[in-house]
Structures are given as structure tokens and as C-alpha cells.
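Start from chain D and add chain B according to the hints.
Residues per chain, in single letters:
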Amino acid sequence: MSYKASIEFNNLVKEFGDHRVLNDLDFNIHEGKITTILGFSGAGKSTLLKHILGVHHPTTGQVKVLGEDLSTLNESKLREFRTNFGMVFQYSALFDSMTNFDNVAFPMREFTNMSEEEIKEKVHTLFKQTALDDFAIHKLPSEISGGMRKRVGLARALALQPKIMLYDEPTTGLDPITTHMVDDLITSTHNNNSDIPMTSVIISHDIAATLRISDYVAFLEMGKMVVHLPVDEFRKSDHPTIKKFIELST
Amino acid sequence: MVKVINRPLEMLGSTVLDLTPSLGRLTIYMIHVFMWLIRPPLRLKLFFEQMVFMGNKSLFIIMLTSSFSGMVFAYQIYLGFTAFSVDSFVGPIVAIAVCKELAPVFTGLVVAGRCGAAMAAQLGSMVVTEQVDALEVMGVSSIQYLGVPRVVATVITMPMLAAIFMLIANTGSWIVGTQLLGIDEAMYFAKISDFMTVKMAIEGLIKSAIFGYMIAIIGTYQGFQVKGGAEGVGKATNQAVVWGMVTVLVMDFFLTAILAKVL
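In order, the protein sequence lines correspond to chains D and B.
Using this note's numbering, read the first sequence as starting at -12 and increasing by one per residue.
Using this note's numbering, read the second sequence as starting at 13 and increasing by one per residue.
Here chain D stands alone, though its shape is the one from the complex (with noise of 0.2 Å):
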């Protein structure tokens, strides 16, 4: 089955000085697919994040987002297009100094023209969609939990409904409860917002949580592409470092 290409990373080298942190990847991220990128680290993981958001623009190749080529935009352009991200990041980011319901409104007030009404009626609803209590929406993020926090991140990063949804290490550092609870937020949110066709991107090196949520898996070694296939077909590569990750992370 053939797939819209929602991110297409085309020849793409990176180089730092000498180093080259991305190797020639030559792949597609399938549209309203949950995709994810695995690796060591130091793979590239969070690099190749940068070139979808447009923060790193290739030394070579080209990084096309939703058909787009982000290094010919000026940046005012790039900021506006980065409007069709959502992003939920390891430590979700908020902003310390707002509460938990100006953390959600921010993106609302910044990029459009919706009223307070409007507003709250939005952040309420988004609240109820991540699954988060009432009590928590004028709290500050440091007085609720860690994965209250993420909840709350998820739904700043969906206020715009995004057509693109990355995840940074989703499930990092938390503990399997929580870990499976982030999870299943991401399939839901994904699900959830079928009437548009989200892409997900999660870069992570959590093995048992690729494997339950994800629909493709990227594998990156040193910068280089070893395998990007569907995770059914994933589970049962014989590539040796395939078999190594799954391994030692299980």
C-alpha cells in the first residue's frame, strides 16, 4: 500500500564541522501514520527533529515537510509554518511562570484571533481530551505531577490542531504506569483527530513502547538509516542490530 508522504527527508547529510551527525538518509514519514525513530544515543535522533522543525537546515539533500522545502523559507515564513507542528518535549517544556491554563491558551493568544470566551471553552475542552482533572487548570506546572505535566504539554502542543504531532522522548524517565498512560494518550490524541490526517513522530529509544504504538519504525545507527519499515516487519528483522536494541532493551 502506497502512502502520502507527509515529511520526505531526501539525500539528507549533516555535518558539524567534520563531523557528520546524519549520513545520506534517504526516507519518507507516511501522512496520519504514527512513525517512530529509534536509536542509540548519539544516533541522530534529536538532529533529524531539528531539520523537521526547520531549526538545522541540511549540509546537503533536502528536508521536505508537508511538501515544502523548510530551508528556501525566510523565517518569518518558517515561523509561521511551524504553526502545523505540535511538539510535546521530554520534560514538556511549560512555561513555569503561566499557569496550567494560560500554558494551554499561549499558542490560541499568540496565532489567533479567538476570543477569551472562546479561548477557555478551547482549553477546557482540550483539558478533557488529555484526560486532565479540573483542579490541575490554574495550578502552576511545578505543583502537579510529572505526568500531569505531560498532559498538559500535549494539549498546548494540540491547540492548533496540528497536522504534525513530535514527540521527544515521550516516555523518558517516567515510570511504567505513566509510561503506558503517555502512550495511550498518543494513540488516542492520533485516533482522535482522524478527521484530520495527523502525522505522529516520536524520537525515543523505548523499545516496548514503539512496538505497542507506533505503525512504522525508523532505525538510526551513527547517523545512517538501517532499517524504516512497518513495526510488524520491524519485530521480526534479523538485522543484527535490530536484534541487539531489541534485546538489551527487553
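Keep in mind the hints are simulated off the structure, nothing from the lab.
If you're wondering where the values come from, they're calculated on a predicted model, not measured in any experiment.
One or more of the hints may lead you astray.
Unchecked claim - For each label pair, taking beta carbons as the anchor points, the in silico distance ranges come out as:
{"hint": "1", "chain 1": "D", "residue 1": "2", "chain 2": "B", "residue 2": "47", "range": "27 to 33 Å"}
{"hint": "2", "chain 1": "D", "residue 1": "27", "chain 2": "B", "residue 2": "241", "range": "20 to 26 Å"}
{"hint": "3", "chain 1": "D", "residue 1": "-2", "chain 2": "B", "residue 2": "246", "range": "39 to 45 Å"}
Each residue gets a CB set at the ideal place from its N, CA and C atoms; glycine is no exception.
Same frame as chain D, now just chain B:
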């Protein structure tokens, strides 16, 4: 012998090499701040929040330092001048020194120590906890959202604080001079009006605005440059205070020379 000569030269060369890229980055940052300053949206709420933080919370320490500076300065001048029976000059000497030098420099040092450090620490911890990245990913310029309001607020607040410093230091000097040391009050004010001009106070206010700009630029720049965790934040805070204070003292000399010609 060669080693003795080479070593300081090597150290000088390495210092210059270390400083050059930093100065370049700082200059680029200053250009970015200017570019974002003139681009909408105007974030007035953030700007007023920063003004309250800068002004309101620095007010007590400015009042404290200015009152004692004025009093001690008047006392010292009196001790020197009374030997020559020219103690009526205490008023103008203190007024001129306070308005032209002490108010902008002391206010600058206090603001660099208090607000420059706070800016570096706040922004540094936002960098470390990816809050700055979150802003950028959302398409919001971190320089416009976090840097510009702090810089503008400091530029506007610093002359206000300096003006308060001038007023309180001169009041302190008046109390010590006339009420404590017995200088004739009419003579005290007459001499001030003979020697003191509005231009002198304006010079001090211009200086303090420029110091404010540099303190905020250095503080926010150091914050945005933080790498690593808590250690990086600590280092940036320290650098913001040290460079902020050094800049105030060094710039004071050049500004004095320039403003003496311009005003």
C-alpha cells in the same frame, strides 16, 4: 628569556581569540534585538511586567544606597572643605557629582547586580528546561518575547531610578550639610543654583539609559547562551553581573568624554 616574553603574548593572543567570537555573537544579538523591537506584535503586558520587576523591586535598594551615598559624600566633602572655609560648596559639589556620575554609575551597578543577574538566571533556566525551544517551535521569537521587553524596560526604568537616586542623594546631602553640620541653608541652595545646570542632570539620565541598555543586553544574552544544566545557569548569572558592572564602569569614561562634547 624568549619564554618570558612569549608567555604574556600567548595569553594576550588567546584572550583576544576567545573574546572575538563572543563579541561577534553579542553584536549579532544586539542587531536581532533591534530588528525584533520594531516588528509587531508589541508586547506591552510583558514590557510593563518587566518594568515593575526592574523598577518597583529595585526601588528600596536604590533609596537605601542613594541616601547613604549622599550623606557620606556630603560629610567627606565638608571635612575637606571646612579647612579652607569653603563649606558652602558642599551642596553644588555633591549635586554635580551625584547627577553626573554617582547616580548613573551606582544605579547601573545595583541594576547589573540585581536585574542583570536575574535576567541571566531566568532565561538560562528557561533554556535548560527547553521553554525557549518550546517558544521557537511554536513560531514565537524568543528574542522578541523574552529579550526585547527586558531590554526596553531596563532602558526606560534606569533613568527613572537614576532620577530617584539624584533626588534622595541630594536630600541626604542637604540633611547632613545643613541640619547636622550647620551649613547655612540659603547659601547651600544659592551655590547649587550657581553651579548646577539642568544639562548635568540630563547627562546623568542619558548615561543611565545607555547603561540600562548594555546591562539588559548582557544579561539576556548570557541567559540565552546557557549550555548545560544548573552549572551553566550559575556561570551565566556570574558573567552577567561581572560584565554588566565592568561595562558600566568602562563605558562611563567614554560616555563622559562624548557627552561633554555633545551637550
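**Asked** Any hints this thing doesn't respect? Which numbers, in order?
**Response** Violated hints: none at all, because every hint is consistent with the structure.
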